[in-house]
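2 protein chains.
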Amino acid sequence: MGCTYAILGTGALGGFYGAKLQKAGYTVHFLLRSDYQQVSHNGLIVESKDGDFTLPQVNAYQNVEEMPRCDVVVLSLKTTQNHLLPQLLPSVVKDNGVVLVLQNGLGIEAEVAKIVSHVQVIGGLCFLCANKIAPGHIHHVDYGRIILGEYSSNYQITGIGDKIRQIALDFENAGIEIELTTDLLLARWKKLVWNIPYNGLSVILNARTDELMADEYTYKLVENLMYEVVAGAKSTGRNIPDNFIPTMLDYTNKMTPYRTSMKIDYDERRPLEIEAIFGNPLRTAQSLGVNLPQITCLYQQLKFLDWKNRNISYS
Amino acid sequence: MGCTYAILGTGALGGFYGAKLQKAGYTVHFLLRSDYQQVSHNGLIVESKDGDFTLPQVNAYQNVEEMPRCDVVVLSLKTTQNHLLPQLLPSVVKDNGVVLVLQNGLGIEAEVAKIVSHVQVIGGLCFLCANKIAPGHIHHVDYGRIILGEYSSNYQITGIGDKIRQIALDFENAGIEIELTTDLLLARWKKLVWNIPYNGLSVILNARTDELMADEYTYKLVENLMYEVVAGAKSTGRNIPDNFIPTMLDYTNKMTPYRTSMKIDYDERRPLEIEAIFGNPLRTAQSLGVNLPQITCLYQQLKFLDWKNRNISYS
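If you read the sequences in order, they're chains A and B. Count along the first sequence from 1, then add 194; that gives the number in our numbering. Count along the second sequence from 1, then add 194; that gives the number in our numbering.
A hint or two may mislead.
Since the list gives no way to pick out one identical chain from another, each pair is judged satisfied if it fits inside one copy or across any two copies.
[Stated by the list, open to error] Here are the computed lysine-lysine pairs in the BS3-like style, where the Cα-Cα straight-line distance is at most 30 Å:
1) Lys385 to Lys308
2) Lys414 to Lys428
3) Lys502 to Lys414
4) Lys414 to Lys288
5) Lys385 to Lys272
6) Lys385 to Lys428
7) Lys502 to Lys448
8) Lys428 to Lys288
9) Lys272 to Lys217
Hints in this document: simulated from the structure, not taken from any laboratory. In this text the structure is predicted, and so the values were computed from the model without any measurement.
Extracted from the complex, chain A is given alone in its bound form:
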């Protein structure tokens, strides 16, 4: 007797987790935009290292107004679409329901809580490598674990309530590894330790992770950016332990050469998630009196490149 789910944004990530839930027997409703025709007629295909499967029929919607209210609304749009949230969220989430934010970056849960103030907001940090290779066709390459944490006002540390436990159970029943945290803010900052240097530099320097690690100068820059993220976390009262940075560097060194999600967005000329990943952490730390100069430098460089990438070049 699990929850009903709405997937707002059926890209690689939303499509993957939604499909896994439906396959496990849960009722799932998918919001789509460009892939609506394909998916409403032919369903979803998931090619996965854990086993391929097809869902010939899914509940597909083009407009959020047509969707039934659900227990759990999964926010899996890119954050660059978050200006749409006031139109999307209120009509689809049940009173006493949950919005589960499966997006990157900092501060999104607080934005969501302002829009739907009478529901619980839960943040989820996804460690997933998946691509959409065609409309309704997802390739799950590796990983898939989610860290779940409840949002409470100003990102205070929380307990582990019934709702988050129920969601964790549903996802685990669907074969997705779940970890629970009482400190969502710390988890968000820790993910930024990786995302800020690698997403940023991969776009600015047109480089894969292995290239950034092989060069002594960018290695040093990555490391220093990580220390700035730790300083940002500290400004909000969260201590990332000393050994976390060498662990992240070591982990990246051992990874398969990797094109980051921001680099893929850039190469496809899609808008970059600069505000969620860079802007919000910078403004948060700044409001607490802490400047992060090298992250600021990357932020400004990315804003320029993103704008130029999506507008006609005048050269």
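Chain A is fixed; fit chain B onto it per the hints.
Positioned in the frame of chain A, the structure of chain B alone reads:
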């Protein structure tokens, strides 16, 4: 009864100033590498906004050992060739002569003074827009003024001696505008206020000066980098006045859209003058306890891009 001149590095800059001096009647000896055959047979051509001229015969050399000792040795190589200075300088400069450093960046005069300790070293900051459009064929686009300052140990403030006056007179006779300074170090830092942001960002962001100025984010980044250069100057005891930064920004806004010299080098896959323009100022400030984090970020990004630009890409 002027000086005799050796031009070490007959590119656009060395070729232009050397040709102007010879045209005015001075004895000039030119060191060449790739253009030797062309220039030794056909001389130099200068197309200039101040009037075109040709020198059908010039004293051209392939090896510094064949050159006569001169009163003034003009160092007009790219700084990326400065590892050659111990082989080049000692045999060509007269005892009691002068080495005139017409290179970009910080700290070169001190390096030269270590190699030829019994001659005077003078620094020259060139505000010249010129390109070599073919072997021995120089296009002088605009400007040409030089600020001259004597180097003394540790860049102390100096007087204006006879030698620098003589050189200034020779250049002025050749139609080159000269300004004299008693504070070479301050002049060098002031030039870096422009060179560091625009040379660096033009390469990293593939952008002209006008694009960097039109975008609010890179405008802010340029401005902040300028403040870091001012902080670097201050670490060495030099105060760049408050109104210098708005003046530089305004000046750049009014410039013709401009591809910086470092961007031209990058596009031609030539080595970039990163150490002279970024590395030396950073190390100087660092040794005095001052970190310049955003300049460091640019330095590390440029080191990566320069390496990748000149080596086989492994993607």
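For each hint, the structure was consulted:
1. Lys385 to Lys308: So Lys385 and Lys308 pass the 30 Å test inside one copy only (24 Å; across, 50 Å).
2. Lys414 to Lys428: both (21 Å within a copy, 26 Å between copies)
3. Lys502 to Lys414: both (28 Å within a copy, 17 Å between copies)
4. Lys414 to Lys288: So Lys414 and Lys288 fail the 30 Å test inside a copy (48 Å) and across (45 Å) alike.
5. Lys385 to Lys272: Result: close within a single copy only, 17 Å intra versus 43 Å inter.
6. Lys385 to Lys428: Within one copy, since 14 Å is at most 30 Å while 38 Å is not.
7. Lys502 to Lys448: between (33 Å within a copy, 22 Å between copies)
8. Lys428 to Lys288: Neither, since 36 Å and 61 Å both go past 30 Å.
9. Lys272 to Lys217: Answer is within: at 24 Å inside a copy they meet the 30 Å cutoff, but 65 Å across does not.
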